[in-house]
Amino acid sequence: MHTSRAAYWFLAPALLLIAAFFVVPIFASLALSATDFDIYAVASPANTRFVGLGNYTELLQNPLFWTAVGNTLYFVVVGGPLSVAVSLGAALLVNSRLTKAKSFFRAVYFVPVVTTLVAVAVIWRYLYDPRFGLLNYLLHFVGVRPIDWLGNPHWAMPSIILMTVWKNFGYNMLIFVAGLQAISQDLYDAALVDGASAIQRFRHVTLPMLGPTFLFVSVTTMIGYTQLFSEPYVMTQGGPLHATYSIVLYMYEEGFRWWHLGYAASIAFVLFALVLGGTLIQRRLRR
Amino acid sequence: MRWPVLALAFLVTACGGRDSSTVTLKVWGLGREGEVLKELLPEFERQHPDIRVIVQQIPWTAAHEKLLTAFVGDATPDVAQIGNTWLPEFVALGALAPLTADSQDYFPGIWRTNEIGGTLYGIPWYVDTRVIFYRSDLLAAAGYKTFPTLWTDWRQAMVKVRGDRAAILLALNEWAGPIVLGMGTRAPFLTPDGLHGAFQEPRFRRAFAFYVDLFRGGLAPAVNNAQVANRYQSFATGEFSMILSGPWDIGEFSRRLPASLAGKWMTAPMPAPDPPAPGLSLAGGSSLAIFRRSAHQGAARALIAYLSEPAVQVRFYTLTGDLPARESAWSDPVLDTNRYAAAFREQLRHVAPTPQVPEWEQIVTAVARYAEETVRGDMTEDQALEALDRDVDRMLEKRRWLARAH
Numbered sequence: 001m002h003t004s005r006a007a008y009w010f011l012a013p014a015l016l017l018i019a020a021f022f023v024v025p026i027f028a029s030l031a032l033s034a035t036d037f038d039i040y041a042v043a044s045p046a047n048t049r050f051v052g053l054g055n056y057t058e059l060l061q062n063p064l065f066w067t068a069v070g071n072t073l074y075f076v077v078v079g080g081p082l083s084v085a086v087s088l089g090a091a092l093l094v095n096s097r098l099t100k101a102k103s104f105f106r107a108v109y110f111v112p113v114v115t116t117l118v119a120v121a122v123i124w125r126y127l128y129d130p131r132f133g134l135l136n137y138l139l140h141f142v143g144v145r146p147i148d149w150l151g152n153p154h155w156a157m158p159s160i161i162l163m164t165v166w167k168n169f170g171y172n173m174l175i176f177v178a179g180l181q182a183i184s185q186d187l188y189d190a191a192l193v194d195g196a197s198a199i200q201r202f203r204h205v206t207l208p209m210l211g212p213t214f215l216f217v218s219v220t221t222m223i224g225y226t227q228l229f230s231e232p233y234v235m236t237q238g239g240p241l242h243a244t245y246s247i248v249l250y251m252y253e254e255g256f257r258w259w260h261l262g263y264a265a266s267i268a269f270v271l272f273a274l275v276l277g278g279t280l281i282q283r284r285l286r287r
Numbered sequence: 001m002r003w004p005v006l007a008l009a010f011l012v013t014a015c016g017g018r019d020s021s022t023v024t025l026k027v028w029g030l031g032r033e034g035e036v037l038k039e040l041l042p043e044f045e046r047q048h049p050d051i052r053v054i055v056q057q058i059p060w061t062a063a064h065e066k067l068l069t070a071f072v073g074d075a076t077p078d079v080a081q082i083g084n085t086w087l088p089e090f091v092a093l094g095a096l097a098p099l100t101a102d103s104q105d106y107f108p109g110i111w112r113t114n115e116i117g118g119t120l121y122g123i124p125w126y127v128d129t130r131v132i133f134y135r136s137d138l139l140a141a142a143g144y145k146t147f148p149t150l151w152t153d154w155r156q157a158m159v160k161v162r163g164d165r166a167a168i169l170l171a172l173n174e175w176a177g178p179i180v181l182g183m184g185t186r187a188p189f190l191t192p193d194g195l196h197g198a199f200q201e202p203r204f205r206r207a208f209a210f211y212v213d214l215f216r217g218g219l220a221p222a223v224n225n226a227q228v229a230n231r232y233q234s235f236a237t238g239e240f241s242m243i244l245s246g247p248w249d250i251g252e253f254s255r256r257l258p259a260s261l262a263g264k265w266m267t268a269p270m271p272a273p274d275p276p277a278p279g280l281s282l283a284g285g286s287s288l289a290i291f292r293r294s295a296h297q298g299a300a301r302a303l304i305a306y307l308s309e310p311a312v313q314v315r316f317y318t319l320t321g322d323l324p325a326r327e328s329a330w331s332d333p334v335l336d337t338n339r340y341a342a343a344f345r346e347q348l349r350h351v352a353p354t355p356q357v358p359e360w361e362q363i364v365t366a367v368a369r370y371a372e373e374t375v376r377g378d379m380t381e382d383q384a385l386e387a388l389d390r391d392v393d394r395m396l397e398k399r400r401w402l403a404r405a406h
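So the protein sequences, as listed, match chains A and B.
Quick note: the first sequence, position 55, residue 55 per the numbering used here, numbers continuous.
Quick note: the second sequence, position 210, residue 210 per the numbering used here, numbers continuous.
Only chain A is shown next, with the shape it has when bound in the complex (with noise of 0.2 Å):
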């Protein structure tokens, strides 16, 4: 009896910030959902009216947020599968006994992760530049048009992409490694000794063994990306056409571009009940 007491009073500090800054503010905003708060409302907190669930109907109907969310989970979908395999495949890179110098190579992989995205973006629009551009330019060798990467808006989404999987993968990588060196050598010996070839290793030692760090590198993955902001917003501010328009990037011009707070908080909660459902999804998927 004394010891729980006591251990409530530890704990106190701990709840009471996670109360203060993370329990109460989600409140809020839901309340907040349920309001039309705008810039008018600031003027006037008689200005406000409730609308019960009317800015998600709205939302609903809205095209842009369709799109938002089409692009959203195109991202997802094939940004996130292409992350977590390119992560896989250096970490067995990084991981395997032909490779030297790895911790070299580890760090050099890692470097993308810590570098701020703006001057990542500043790069990257160099390498797309249509014209002047890298990657056309090495394409012409293959006798490849100029493609406008950022400008054309069926390529711009690939292009996010292919930035992000290579700024991001450094991350999982590690993770994956960490993975890779917990499972036990005795589990290749044995496998070896009943004639297992290297791909069969693989699929019958490596992938079961790993499927801890999988679930937990594809959820944190999945729940990373369907938050797409920073990349869009620095590279394309959605454009062109909204090809590369998030939901997030959705949100944060409806709260603080044009100060409709209340049809953005239900924005957040439609996003909260996505992550939602895409986590338990992966969860069962993985039983």
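These aren't lab readings, by the way, just hints derived from the structure by calculation.
Where is the CB? At the ideal position from N, CA and C, for every residue including glycine.
There are no misleading hints in this set.
Over the 10 Å line for every Cβ pair with chain B, so calculated as not near, a few chain A residues:
#1 Y8
#2 P112
#3 V120
#4 S184
#5 F202
Coverage of chain B stretches by chain A, computed from C-beta distances (three or more under 8 Å per stretch; other residues unrestricted):
#6 67 to 73
#7 90 to 102
#8 392 to 402
Not everything, but these chain A residues come out facing chain B in the computed CB check (under 8 Å):
#9 D36
#10 Y40
#11 P240
#12 F256
#13 W258
Given the coordinates of chain A, assemble chain B onto it according to the supplied hints.
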């Protein structure tokens, strides 16, 4: 223990001579203007020994947000530079103090952007509008000694100069193109009560059709700003011979165009759809406004009066290239002899305010969006304008509710 007390006593006596009457003004300047503002102030502080001014420089990209959060957080400055299209929003908030001043020496179209509901809330500081920058050598070769003044001739001139290239750069992500042309046809954009969109009205329809036709006819390339890697280079090579742009490009063009192009480019006011020319253009720029919560209204007014003096305006122009709001400042030789400024002076006498509703900035992004969809062939003109009016009506819903409620 004794030293701090002594130091404190010294401080008190040191300030004692002034503190009864010294006023500290907090002023927010934006971007480069904020930087230059600091250079103008020593003279003001010399003339007003009882006023001290602290300038805080805010980057343009964050300015709107900062001003709004400052208002919500009760931390507004005494005086701020405010883009004149933002004024309706801050007036709707009740953030600004009403002002009185003599409008005589100011461009009337610019002045009107500072009057909201018949009350003055800002004093124009510098002005901005859009004109045409063009390659005078290429137009002369095509038979045009002066720039065309009517839309029909203007379009014909584009056809003649373009060769196998485009003629004019109108960036698709900028709303200025369709809006400036709409000002030419005197389109109202919104209904007179400001509660509904009026983009399907014949005058805007005419301007929109002219705009879209420039792209369909291959006279304007369907590109946005990010796709033109270097507009100065493209202008120099004649990839296009006309650009719709603002006063900042006078300086940029002089600096960035190759020396061989000196004297081969010029500025011209907007052509008009029908006589009389020139056509109307944007009434842009920044104003100086005083916040209602400021405790130093008198000192704030003195600062604005000082910054509005023609001599100070000329100095401001030489430091920034921002065009002065007062006509008498334009008689100064630095502006009077600038051949590229003449078109701006003429245009500034023919500018019109955009509808004064806080939603305007959001409305123009929708205008640019639908214009781009039409140009790219995803919508017909009728579909685009109908959808635009519908979107704008949705944005103005709160305004209609407020109009009914009060």
